[in-house]
Amino acid sequence: METGTVGAFLEPGEKEGDFILNMGPQHPATHGVLRVILRTEGENVVDCDSDIGYLHRGQEKTAENLPYVEFTPYTDRLDYIAAPAMNLTWVEACERLLQLEVPERAKYIRVIIAELTRLASHLLWLGTHAMDIGALTLFLYCFREREMVLDLFEGFGGARLTTHIFRVGGLPNDLPKGWLEDLEAFLDLFPSRLSDYHKLLTKNRIWLRRTKGIGVVTADECVDWGLSGPLIRGSGIALDLRRKQPYEIYDRLDFDIPTQEEGDVYARYLVRMEEMNQSLRILRQCVDQLPSGPFIGKVPKRLKAPKGELYHATESPRGEFGFYIYSDGGTQPARVKIRAPSFINLQALPVLIRGALLADVVAVIGSIDIVLGEVDR
Amino acid sequence: MSKLKEFLSKAVAMADPSDLVAGASVTIKYFFSHPVTVMYPFEKREFSSCAKGVLALIPDKYGDDLCIGCMQCVKICPVDCLTVEMRKLSKEELLGRKFEEKKKKALIPTFEVDLQRCMLCSLCVEICPTDALEMSQTVTLIMTNREDQVLDRMRMLELGKDTQRYRNRLAAGEIECEAIQCPEPKHKD
Amino acid sequence: MAETHDKEAGASVEPDGPTELPQEPSAGSNSASQEEVGGESLDTNSASASEMAGGMSAIKGEEEVTPEGEQTGSAGNESVPVEAKPGEEASTKETVAPEEPPKAQAQEKSAEEASPKGTVAPEEPPKALPQEKSAEEASPKGTIAPEEPPKALPQEKSAEAEPGEEVVVLEERKPSAKPPVSASKMPRKTAAPRKRPVRRPKKVVKAPEKEPSGFVRDVAAAHSEIVADVYNRYGEDTIVVRSGGYHSLCRHLRDQAALRFDYLSLLTGAHYVGTEPRCEVVLELYSTPYNRRVRVKVLLPAEAPSVDSVADLWPTAGWQEREAYDMLGIHFHGHSDLRRILLPQYWEGHPLRKDYPWRGFRERSEEILQERLAKIPLETETKPYSFD
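Heads up: the protein sequence lines correspond to chains A, B and C, in order.
Residue numbering for the first sequence follows our numbering, starting at 1 and increasing by one per position.
Residue numbering for the second sequence follows our numbering, starting at 1 and increasing by one per position.
Residue numbering for the third sequence follows our numbering, starting at 1 and increasing by one per position.
To be clear, the hints were calculated from the coordinates, so they are not data collected in a lab.
Any given hint could be a false lead.
[To be verified] Stretches of chain A that chain B covers, calculated by requiring three or more beta carbons in the stretch to come under 8 angstroms of a beta carbon on chain B: (1) 152 to 163; (2) 169 to 176; (3) 188 to 200.
Quantities reported herein were computed from a predicted structural model and do not represent experimental measurements.
Note that CB positions come from ideal geometry on N, CA and C, so glycine has one too.
With the rest of the complex left out, here is chain A (with noise of 0.2 angstroms):
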């Protein structure tokens, strides 16, 4: 199968055996409304085709037709599982187009509540993947310390899944009373969990067997298509945008990238798991550092960009999230294109499945991660 197209919706080949399997729009293990078109020898995989689009909302239509603040909540919507990562990329856009100035303070509870996210987002990732390959019982334990973190996200913004939590130009307001002290018994509670993951799955011989040499995508490969997030980062490229070009305060904090060298879906999973124990290290030092002053710095009523563009991305736990955004001098957007690290990942899903079995394309499919309210926008 040559790598440069992505063929048309699929025909039966010539061969006998050859066999078209639809795959979706709903199916549980394609974590949404993803339409996948196999074609099957016997049980191998031999080319696939995904159809998309079954989600799409106009959002960047929406965007083109609304001022600058009144689109944040929508962005919560894109990827309803890290709505924060969304909010916080979006806000940054607008605060660099209209060189708004945030507080310190500001930036750290952003930081906090981004990896905070990254760890929501990770958990639900590992519950409903390791659920899809057949550990029923990992999947509990993940969404109870979901709940911890949303427990947190409720107490600070109001809302636990569409969050809208970031304001352009700082916050909605400050931390309440008690939640730094929430955040630390989450914090001392967290890592045994994690170890417990680790337990029921790293060595588990199942597991081993259902996610070693699948899905291999080579360094190379990564970058032709464009990969990003713990893809990338799975087949030894430490690509970070936290690190490569630090937004926020994160040129400050000492964390490390996680990469590994094999590009499977096992590669991936150790990156995963290792990214939510860099983010607890993170979040340590954002609470130990966490400055006092004000929550959101000084906004002009109306916000009125100057003319110009921008393309703006930040790590959000699938990978690249960006928004391009060309101001024509008016009070909205004249052009805003989302970079959605899941649209641009799922692509390259026939490069991920050659040669796998019909069973393995669930498992390949887990370890993208993807979030179809990203791809389709």
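Knowing the structure of chain A, use the given hints to seat chains B and C on it.
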């Protein structure tokens, strides 16, 4: 020979039960721990005090709202779920009236929020110059028909009363948290 | 095509959904000059407020009474809306409540809340208001609103004329422009324009520009015949290319050992209308070895835009070009599989073009969709599988 070695090492790995024991130890540990779930309809979990529920109108001490009809909330709403009508009072009319909000010089005959559209982003609450709006603790939006999803001014004020009471009790330290019920609509027929 | 779209858009504005917030046309002609001069002055305030009032009445489909509208339009006669009844009754009942607010406290409160945020009418805080704090207690909007129309005049004038002349012109025009203004308010009118020149130097935010990086200038020098422009705004280097040499420049950027832009972050298109309608293709390139970014822009005509595909250089461009085609109708030559990706195959039009209305074409009913669906052959026809 190498094949035999491979087979033997595999066999040893298969025979080693440490991974299974480690996994089982975790499940057994949690088997004896307390459940973390809540039996929902019988037990209700508590919300945080800044949970964002349905939009409510805060009443003043005369029972009227604090809205001055500046329409900023209507303008900023990203989904256009608010319908506000304002009638400005003349000086003569103002003479006989008392409002807690000194800037209030208008009546608000209509203040509606369409809950089917509202996405609880709280932008209107933040922009309100007189703090007339607040997010209540109500999150139950179960209603028997579509029309009830549009909260009118009286129901919003009722919610606001509850919210105010809740905030007062919270400030006094009487309660930790308490959920508020959405007021039943009064049907016309 | 464009005209029909516009017409349809106009016809399909439904009463309950404000398709247009009070906004400038999204084109480049963004009334910049007017607004920049007026800035946050009362003049724009009144303009936008009335605009808002218009928008509101359009939204609700009935008469809306805003503070300004009332003052200028129907000063004396109040038309009480029918729906107002219950609310009014309630409030009248409640206002008879025995308790009276302590006067002193209330005074204090109003004084402390006389910040622009509170006192102001819908749009932006007019800075003139604090100055009128003392009078505000009487009726802030009453005093301000009638002033506004005359204020607009000096502002227009002063754009061309000296501030000194301004007052004279104003006094000439005053009676004719606004007869119903009462005499008591005259002096203040002359006071306000005098303040205006002080507020005139308004901070105009501009995109920070600097010299483009060295490697970008080298590229531009090496390909001077195809590079139209090079600039650096917001710290991001941009190369604007003519569509002819786009592919070769991309190859150069990717393969040159000193550049190595091997990672395509983003490929998108854009469509702008206004003074110079155009389409664009934008590439955000990232170099993994050197950790730097560059943006490549290709300017295309607005009608039937087409450009070479770069999917052979970066396979990740495949889906993104499909999306650009789907959303903007940009054709990519040499793309192996240019189909719609997010929208269904039967869709007509390209939604992210500016001539496509935000909320779609309303008259497109379910039946029309079904008709169109019936015309399209099924995407896949699996041949029946035999088990022998």
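Tested hints:
1. 152 to 163: As far as the stretch 152 to 163 of chain A goes, the hint holds, because 7 residues have Cβ atoms under 8 angstroms from chain B.
2. 169 to 176: holds (count 3)
3. 188 to 200: holds (count 3)
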